[in-house]
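Protein chains in written order, with the numbering used here: chain A, 379 to 531; chain B, 133 to 213.
Hints should not be assumed to be uniformly reliable.
Unchecked claim - For the chain A half of the interface with chain B, some residues (derived, Cβ under 7 Å), not all of them:
no.: 1; residue: A502
no.: 2; residue: I517
no.: 3; residue: W530
As the list claims (entries may be wrong) - Partial list, computed: chain B residues near chain A (C-beta under 8 Å):
no.: 4; residue: G142
no.: 5; residue: E143
no.: 6; residue: A145
no.: 7; residue: D146
no.: 8; residue: S148
no.: 9; residue: G149
no.: 10; residue: V192
no.: 11; residue: V210
no.: 12; residue: G212
no.: 13; residue: G213
Since the hints were derived computationally from the structure, they do not count as laboratory data. C-beta: ideal position from N, C-alpha, C; glycine also.
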Amino acid sequence: MSGIDTRVVAEPIDPAQELHTFLDRAAGAGGVASFTGVTRTTDADGGIIDALVLDAHPTLTVPSLASIATAAQARFALSAATVVHRSGVVAPGAPIVFAATAAPHRREAIDALDYLMDRVKTEAVFWKAELRGTTRRWIAPRDADRADRARWE
Amino acid sequence: MHEWTVQLYGELADASGPQATVHARATVPDVRAAVAAARPAIADALTAPTTRACVDGAFVPHDAPLAPGSVVEFLPVVSGG
Numbered sequence: 379m380s381g382i383d384t385r386v387v388a389e390p391i392d393p394a395q396e397l398h399t400f401l402d403r404a405a406g407a408g409g410v411a412s413f414t415g416v417t418r419t420t421d422a423d424g425g426i427i428d429a430l431v432l433d434a435h436p437t438l439t440v441p442s443l444a445s446i447a448t449a450a451q452a453r454f455a456l457s458a459a460t461v462v463h464r465s466g467v468v469a470p471g472a473p474i475v476f477a478a479t480a481a482p483h484r485r486e487a488i489d490a491l492d493y494l495m496d497r498v499k500t501e502a503v504f505w506k507a508e509l510r511g512t513t514r515r516w517i518a519p520r521d522a523d524r525a526d527r528a529r530w531e
Numbered sequence: 133m134h135e136w137t138v139q140l141y142g143e144l145a146d147a148s149g150p151q152a153t154v155h156a157r158a159t160v161p162d163v164r165a166a167v168a169a170a171r172p173a174i175a176d177a178l179t180a181p182t183t184r185a186c187v188d189g190a191f192v193p194h195d196a197p198l199a200p201g202s203v204v205e206f207l208p209v210v211s212g213g
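Pulled out of the complex, with its shape left as it was, chain B reads as follows (with noise of 0.2 Å):
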C-alpha cells in the first residue's frame, strides 16, 4: 500500500475540494476505488468511464500501474471553452 495524493478536476472537485489523499496499491484502478470509496458523493462520476486517469501528465490506460511517488489525476469529461 502506498499513499497518493489524487488531483481532481471539474465536477470531481466540487464536494470535497481538487485534493484527496488515499492509501491504495500501485495501480490506477487500485487509487480510482480508493478515492471512490473515499468520496460517495463523486463515485459515479469517478468511475464512469468517460473520466480518464492522468499519471505524471500523460493520459494512460483505466488499468494502468503506477510508480511510487507518481502524480495521479482523474478528468472528467472537458466542458469545451
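Next comes chain A alone, as it looks inside the complex (with noise of 0.2 Å):
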C-alpha cells in the first residue's frame, strides 16, 4: 500500500511506531526519511513555556496538510507520504509532528521531507499559542520559517 496519509491527533504521537508503520506502507521504495518535530522548552526569547496550544479546524486542517503532502508527492515523484500532527495541549519535549516521505532514490524523500515540513511550518490551518500558566501567547510564523518557505518557489 503506499500514497498519503494525514492525520491530526489529539494523543501522544509515537514516532517508532508510525515510521514503523510508514515504512510497511513504502514497501518498495529505496529512500524513506523521516522527522519527528518536539515541542521546545523554551519561546525565540529564552522564556520557559508550560506547553504548546494548538487549535485545529475541524475540517480545513486535514486538508490543509493532504495539500501539502499531495504537492510534495507530484514535485519529488515520491511513493507515499504521511503527516501526523498533534492537537490540543502538548507538554514540552512531546512530539508534535511525524512526518515521512518515501521515494526511489534517498535524494528525492530527503529534499521532498525538507519541502514539506517548511510548507507545514507555514501553511498549515493551526493557531499555535505558548502557554505559561493559564496565559496564551499566540504565535505566528516567523520570517525564518517564510525564508524556508520561499525557498522551494
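Reconstruct the complex from the two isolated chains, following the hints.
What follows is the structure, given as C-alpha cells:
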C-alpha cells in the first residue's frame, strides 16, 4: 500500500510506531526519510513555557496537510508520504509532528521531506499558542520559517 | 435580523470561548460587526483584513451575503504547524 496519509491527533504521537507503519506502506521504495518535531521548552527569547496549545479546524486542517503532502508527492515523485500532527495541549519534549516520505532514491525522499515540513510550518491550518500558567501567547510563523518556505518557489 | 452562532478560532476564541451568538443582518460584514461589538477584546483582531470568513465550510469574500442557517466562522492568520 502507498499514497498519502495525513492525520490530526489529540493523543501523544509515537514516532517509532509511526515509522514502523510507514516503512510497511513504503515497501519497494529505495529511500525513506522521516522527521519528528518536538515541542521546545523555551520560547524564542529563552523564556520557559509550560506547553504549546494547538487549535485545529474540524474540516480544514487535515485537508491543508493533505494538500501539502500531495504537492510533495507530485513534485518529488514520492511513492508515499505521511504527516501526523498533534492538536490540543502538547507538553515540552513531546512529539508535535511526525512526517515521512518515500521515493525511489534518497535525494528525492530527503528533499521532499524538507519541502513538506517548510510548508507545514507556514501553511498548515493550526493556531498555536505558548502557554505560561493560564496565559496564552498566540504565535505566527517566524521570518525564518517564511524564508525557508520561499526557497521552494 | 437573524440569529447566528459564530465559530471562532485561535486568539479570537481566547477571550470568551470559541462560539458567539449574535443577531445581525444576513451578510458577513454585519455578522462580523455584531461579534466585534459583543466582544470588544477581540474587535481589532476580528476586523483585521487578514481574518478570513468561512461560510458552510468554504472561504468567502469579506462582503459575502449569508443564507439563513449558514454556519459562519472567522479564522485569524494561521500559525502553521
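Out of the numbered hints, which ones does the structure contradict?
-> Of the numbered hints given earlier, those the structure breaks are 3, 8, 9, 10, listed in rising order.
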